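Peer 1: Chains as they are written, first to last, in UniProt numbering: chain E, 1 to 169; chain C, 1 to 621; chain H, 1 to 496; chain S, 1 to 101.
Be careful, since some hints might not be right.
Unchecked claim - Taking lysine-lysine and the BS3-like style, the derived pairs with C-alpha atoms no more than 25 Å apart in a straight line are:
| id | chain 1 | residue 1 | chain 2 | residue 2 |
| --- | --- | --- | --- | --- |
| 1 | H | LYS115 | H | LYS457 |
| 2 | H | LYS29 | H | LYS457 |
| 3 | C | LYS586 | H | LYS165 |
| 4 | E | LYS164 | S | LYS88 |
| 5 | E | LYS129 | E | LYS139 |
| 6 | H | LYS165 | C | LYS556 |
These are computed hints drawn from the structure, not numbers from a lab.
Computed from a predicted model, the values in this text were never measured in an experiment.
One-letter residues, chain by chain:
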Amino acid sequence: MNINGEFIAFFIFSVLAIGGAVFMINLTRVMHMALALAFTFFSIAGLYVLLDAPFLAVIQILIYTGAVSILMIFGIMLTKHKDEDKVAPFTVHKLLSLLGVGGFLAIVIWIIYRNPFFSTGEPQAAAFKVTDLGKAMFKTYMIPFEVTSILLLVALIGAIVLAKREEKK
Amino acid sequence: MNKDWFVLLVLLPPLLAFLLMVAGRRILSKRMTSLFGVLSTGISLVFSLVLLVSSLRSGVSLPDWEFTWLTLDKKPIQFGVTLQPLNVLMLVIVSLVSFLVHIYSSGYMKDDERFTVFYSYLALFTFSMLGLVISPNLLQIYIFWELVGVCSFLLVGFWYFKPEAKRAAQKAFIVTRIGDIGLFIAIAMIFAKIGSFELHDLKGAIEAGKLSSGMITLFAILIFIGAVGKSGQFPLHTWLPDAMEGPTPVSALIHAATMVAAGVYLVANTFWLFQASSVAMDVIAYVGGFTAIFAATIGIAQTDIKRILAYSTVSQLGYMMLALGSVGYVAGVFHLMTHAFFKALLFLAAGAVIVSLHHEQDIRKMGGLWKKNKGLGWLFLIGCLSIAGIPPFSGFFSKDEILLSVYANGRYGLFIVGVIAAFLTAFYMFRLFFKVFAGSHEPKTARVPWSMTGPMIVLAILSAVAGFIQFPTHFLETWLITGGMKSLHGPESIAWIPVLAVIVSLLGISLAYLMYGVNKWDSRRVAQAVPWLHQCLVRKYYVDEMYHSLIVLPLKGFGWLLQVWDRYVIDGLVQLCGWISMRVGKIGSTLQNGQAQTYALISVVSFVILIVSLLAGRLFG
Amino acid sequence: MTWSQWLPTLITFSPLLGVLVIWMTPREKATLHRMMGIWATIPPLVLAWIMYSQFDSTYVGMQMKQAITWIQVATFWKISYSMGVDGLSMPLVFLTGLISTLAAVASFLIRERTKQYYSLFLLLEVGMLGVFLANNLFLFFIFFEITLVAAFFLVGIWGYFDKEKAANQFLLYNGLGSGFMLLAMIALFRLTGTLDYLEVQMWMQSKASPVSPTLLWIIFISLLVAFAIKLPIFPFHTWMLRMHVEAPTPIVMIHSGILLKMGAYGLLRFGVGWFGAYMKEIAYILIALGLINILYGAVLAFVQKELKRVLAYSSISHMGILLLGIASLTTIGLQGAIFQAVSHGLISALMFFIVGSLYERTKTTELDRLGGLARSMPVLSGILMVAGLALLGLPGLSGFISEFLAFLGLFQVHPEWAAVGSIGLVLAAVYTLRAVLKTTFGPIKDQWMGLEDIQIKEWLPMFILVGFIALIGVYPKLLEESIQVTLYQMVSKIGG
Amino acid sequence: MNITSYLALAAILFSIGLYGVITKRNAVMVLFSIELMLNAVNINLVAFAKYGIFPSISGQVFSLFSIAIAAAEAAVGIAILIALYRNKGTVEADKYNSMKG
């Protein structure tokens, strides 16, 4: 594996992403967790840039790092939180989870590295332009796009209805 | 002129009257109702007489006609009409008695609020009975057979609010149903064997020797079981006396003159079948003979005026069966006819007695009616003399024919039975007569309307003179046998038999006179001399009780047993299955602790295990 | 004619129109729902009539057949949406239309949640019509399940006291039956690659590919059990008792009138139509079961203390007669079975309607507490008497001809067994008269003196039913003509 | 650069998210973890779009849709959470046990 700029960038972003994720899992205060997650989202945006998807990177920052994180913070602020100040005991549940998830990860990694489908041969890289994305979006995927817009509308209304305080009679 | 239509003119008026009365139950007044009823049966009577005349004149059977009612297995099942002399004779008897009873009922039932219903049932009965007697095939016979049965049931239970009427109606239906099943099985088996319901096909099959003699005997006996049920022969006789709970005109029409004679008619109509099997003939003769004397003895000890007549009917029907069983075809049919007249007369007269005594039916409380109502007394006397077999009344001739054919057939034991039964008949009929009409008792009487007296007079005349169609010219025999049954000519008359019969009857009458007419011999003392016998007769040989304890109670007990079995074993098993699945569900539901995260964990772990095991299987398998 | 191809589909789904309209009405307008419910059952009835008039009674096989490929797996396995009608289904379709309409009229007894009630009711009708008009087992199964679910809710929500238990047991049992049917269906589909009635029949005749007879036996027995539960055949009958006692009047009318007949239809269509030769081999068992049904039901009906239970057991007894007709495997016997299905459908619908009307007034159906009702309710009692006479097989009414034919068929092959079965006819008279007379005859109790007799909305449907019962009884040719050709073909396939 | 690295990264992120979903008691955290998992999937999609055997823009389009849906999910999820919090007075996931049989 030759070390080049892309590799270094990938290395930095991935370390940041994993680190953010691990911090999110291990921090005790909810607000800190949210910040750690935002960090991860941001790193993923960076990875998108490396993957020739600048538009997606922008979207990632706008929606995840911006909107979703803020939404989460609102969610945190609207509910009361008993901060997990003391370290939760290491239960059977956690052990099993660790084993299960660890096993899952091992299997997936094993598959990724074993599969000739992914690893052999010279990877062919395709370069895209944002215009290609726009064309695909509004020509080939017109109908799903419209359906998605309806979905968003429904989610919007649904969220309002759900979160609305029920009137007492 | 196509004579086919005549038959419909006989059949349809009562049916139309029935439909009209059912539809207009609320609208029709009593006068209108009775008018319709009488008119419809009157039309039937007129046209049956027309048929009779043409049958007599042409000497051969009238053209039959049929239409296809149903197709079974590519065989058309026909409905139709046959007009052999026997059918025509029955047609006339039925329409005549029905017509008279319709008239009579307008007087007898005038105070009943369900007058229209009563008339509609009568009309339906008349229709069914007329249909029965012109049926050319067994299926049609069975259909009308059941219909007359149901009319009888409805009319017996006409006064539905009386518990006795309810019981009697139920009994009448069920007991005759038992007999009907015999007929049902016979019909079905005949169809399975020869592929047709038509009587002439069956006759052809027998003549062609297609049926084994065992089969013929079986068919004959099954058909006879049907006749036993309908005609109240032993052991299915118990319903008939109970059926007297119905209104008296009904008793006269259905349970004396027409429907109960249907069994006899059925046997006569399929006589060639019975003739082909000597076993069947023996069965008929012995059942008939036994019933004749059995019912006669019960008749001696009864106290209800209608029940006495009912047992007398059973006995007389036994007589007819006895005649048929002894190849006395003409004698049986002849007696059927004369019996229809004099028994209808007796019932109608009994009805008049009941009306004039303000609905009293117990003969122990009667007496002295002669002085109050001589006309009625004469009518009743004619009936009694006729049934007792005193010349020149009709019963004498027909009974004589029966005894003659039994004797000629070589059944001497049964001949003696017949003679004794004749004695008993004369005795209990005159016991009844003297109890009701003799004595110093001065009853308060009600007036008997003309609508009731008129029909009785007609019947009395017929009872008195009907015997002369067979004596001395053998006119009836010649006519009936033109149908093609050459072997049925009656035997030559033997002079001493009628003499013997008359003497025996006179003895019976004299005995009744001594005991009840002038009270020379105290009847109570006789009863006390043999208390067990008397008790036995009063309780009708305990046949009802026996049936109750041998059939009804075990059936009920078995039913309860099955009920327990059904509820606790069968249903219990079901409940157990349900219970087990519920329990399993309960256990399963405790695994559902509601923690979505646990579920997720389980699925992740399971997924891992699944993949690992799949891989392991691939690696090591 | 091509438009008539659409008739089966149209008939089946026409009640849905009513469902749509009912959904658009406000929840509390019960009267409106009632009217809509009744009107919505008219189109299937009228269409069934049109179908009858278009029906060619000389044509062999399915008519007005419509087949569209629906699901195709590879080239071999194919399921098509196919509907059609033949002599076997024609009478039952008409019966369904008729009884549904009358049951809709009888639904005035339902007072709560009418909107849902009528929607489910019409759904039930769709299911029933579909069952009789479907032309392959897959469709049949789907419609069969629709009836199951709809009936479950109808009983569970609008039934009487122990309704939940009745509904549960109904679902449990019939679910079991459906399970067997599904099993058979899948196995058959795997073997033949089709579920079309005709194609499976032809496959059974030719057996193109060698198949182990054991497997076919298993399929056959599974189907048999499925329909035996539905019919019901002893010992699978207890669910039906509860159902008859607890379900609301219109649903019992439908249940006893039509749903039970689906079992008979299944036995005829699949048992005789597909597995005729196998049926013949176990005819003895079927005859024995039929006899047990007849006598067991009759004896138990005789000791019941409650009117509805008497009728429930009598249904068992009558289904026994139907089974005898089928088991005879003769044209006449099968004809009797179809006659019995139609006739008992009409009679039991009438009976349960009467009992429902009675219960509305007396609030009890205990025989010992009733009595003498002929005085206060002459019309109701009269109709009850007619229904009772029809039930016990009085000639001139439809019960006679059907029982007669069923027995006649059996007499052709096994007269001795048929003779044993005829005892059931006596017992039928015994228990029917006992129940009817205990209700209407005898002295009237004071508490029943003031009862009002039935009104037009009750007696009109009853008279219509009586009319049909009498029509079939007096002129059976009407029914017989349409079914004959199908039966000949069926029996000729069995080979004897 | 190689696709396997991206896939491995995505797998690691996904596993961390999965672990969070299973173990975190705070419902908000569960939602966070779900978002993380969705992002991991998006990385896969975009990576396949560039380095897959059949590179195509479709991968990016799909991840766009996925983002849109994830956003909707987040909004509805938070709304449900707030509604639940109002009814139950807590955001502890193990207190939500109304699915208990």
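Peer 1: Confirm or reject each hint.
Peer 2: Evaluated hints:
no. : hint                  : verdict
1   : H:LYS115 <-> H:LYS457 : holds (20 Å)
2   : H:LYS29 <-> H:LYS457  : holds (19 Å)
3   : C:LYS586 <-> H:LYS165 : holds (17 Å)
4   : E:LYS164 <-> S:LYS88  : holds (16 Å)
5   : E:LYS129 <-> E:LYS139 : holds (16 Å)
6   : H:LYS165 <-> C:LYS556 : violated (29 Å)
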